[in-house]
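Respectively, the protein sequence lines represent chains R and U.
Per the numbering used here: the first sequence = residues 5 to 95.
Per the numbering used here: the second sequence = residues 6 to 327.
The set of hints was computed from the structure by calculation and includes no laboratory data.
A quick note: this is a predicted structure, and the numbers were derived from the prediction, not measured.
Incorrect hints may appear among the rest.
Claimed, not checked - Dumping the calculated DSBU-like pairs for lysine-lysine here, alpha-carbon to alpha-carbon at most 35 angstroms:
1. R/Lys10 / R/Lys28
2. R/Lys81 / R/Lys28
3. R/Lys23 / R/Lys10
4. R/Lys23 / U/Lys139
5. R/Lys10 / U/Lys285
6. R/Lys28 / U/Lys285
7. U/Lys139 / R/Lys47
8. R/Lys23 / R/Lys81
9. U/Lys285 / R/Lys81
10. R/Lys10 / U/Lys139
Claimed, not checked - A few chain U residues that face chain R, going by a derived Cβ cut-off under 10 angstroms, partial list only:
11. Gly130
12. Gly186
13. Arg213
14. Glu216
15. Asp218
16. Ala327
Backbone N, C-alpha and C fix where the C-beta goes; we use that ideal spot for every residue, glycine too.
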Amino acid sequence: MAIEVKIPTILRTYTDGAKSVDAKGDTLSALIDDIDGSHPGLKGRLITDDGALHRFVNIYVNDEDVRFTGSLDTELKDGDVVTVLPAVAGG
Amino acid sequence: MTRYDSLLEAFGDTPLVGLPRLSPRWDGANPVRLWAKLEDRNPTGSIKDRAAMAMVRAAEAEGRLTPGCTILEPTSGNTGISLAMVAKLRGYGLVCVMPENTSIERRQLLEMFGARIISSPAAGGSNQAVATAKQIAQQNPDWVMLYQYGNPANAQAHYEGTGPELLRDLPTLTHFVAGLGTTGTLMGAGRFLREKAPDVQNIAAEPRYGELDYGLRNIDEGFVPELYDDSVLTSRFSVTSYDALRRTRELIENEGIFAGVSTGAILHAALAVADRIAAKDPATRADIAFVVADGGWKYLSTGAYSGSLQQAAERLEGQLWA
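This is chain R alone, in the form it adopts within the complex:
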């Protein structure tokens, strides 16, 4: 089972420039561990030393912000699309 993970421009240095990568995992946490195996260093940009999501990183599963769906424990299923975006100003 593969889940598409969309990577923002600013983090593509870790994916050899790829806009998206495929990864596996039943939860967001497992998915990020899987990505870090194939693209070392990426996890450190998404998650802080104390294991929380970086303040200026937003992750969406099928367009819904994971901070409201269980954060790193958010469950994933085949065909989900995970989007990583930096937090920027709107309005």
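Fit chain U to the given chain R structure using the hints.
Chain U only, in chain R's frame:
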């Protein structure tokens, strides 16, 4: 009473209208209904009139703003237009720092109201406008930056206006859906609703732009508005230009409401919630109110309302539409 001494008194108290065609279940014992709060009925045509009025009044009360002062504000458009009107009537100058990738209508309106526009680069979007405005504020210490992203009066306007109006007009409200930019609408109205009707869910819709607008040099340059407190929200959706446009057009076709593109994004989130409830349980009722942030007039030049959806979404790529 619909008579006012000045345009500055004639804002808020906007209509809440039902959407019988777009709602999953309008009739029956357990309806799942959508309601649109028409904030385009404010003096300059957007919900931002509420925040602009409140921020100016608060700054006047604190003595920060005195006649002849110049106001400085980073804005992608609507707040600037609201402030320009208020500034004109109250005797202030206005300098707006605006990303260069915003619609021509916004610029023309600002110029017509007498505001000065300083363009910030498209790369970096509103983030860059905020950073540029902060630099300019340092160089011009006598200018007053109201700073909508961190000004409590912005949220307070919705705590005192938008929130109470919603509950007054729709006591059976179960969900409130609004756009997330400065976060003022959701923080203010959302807090009010949490206090008075604790079961109400506050749902945010934020725009997902093209890559250009996320052009930070590193993650630590990211930005979260000082007003933002995620404990006020129940869920938060990121909506693409394509989905926002699709819903904007559905709103015209089905309900006759001509709204701006950000309203399409808000409707997209509202429908996601409504469809989820309607599909799950025929015995659950819901009254979902969402914000029509502005009308479509300021976006005609973007091509959002003509040609195929795909073409329109491509034309909108790289532009700020919320």
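Checking against the hints above, which ones are violated?
-> When the structure is compared with the hints, none of them turns out to be violated.
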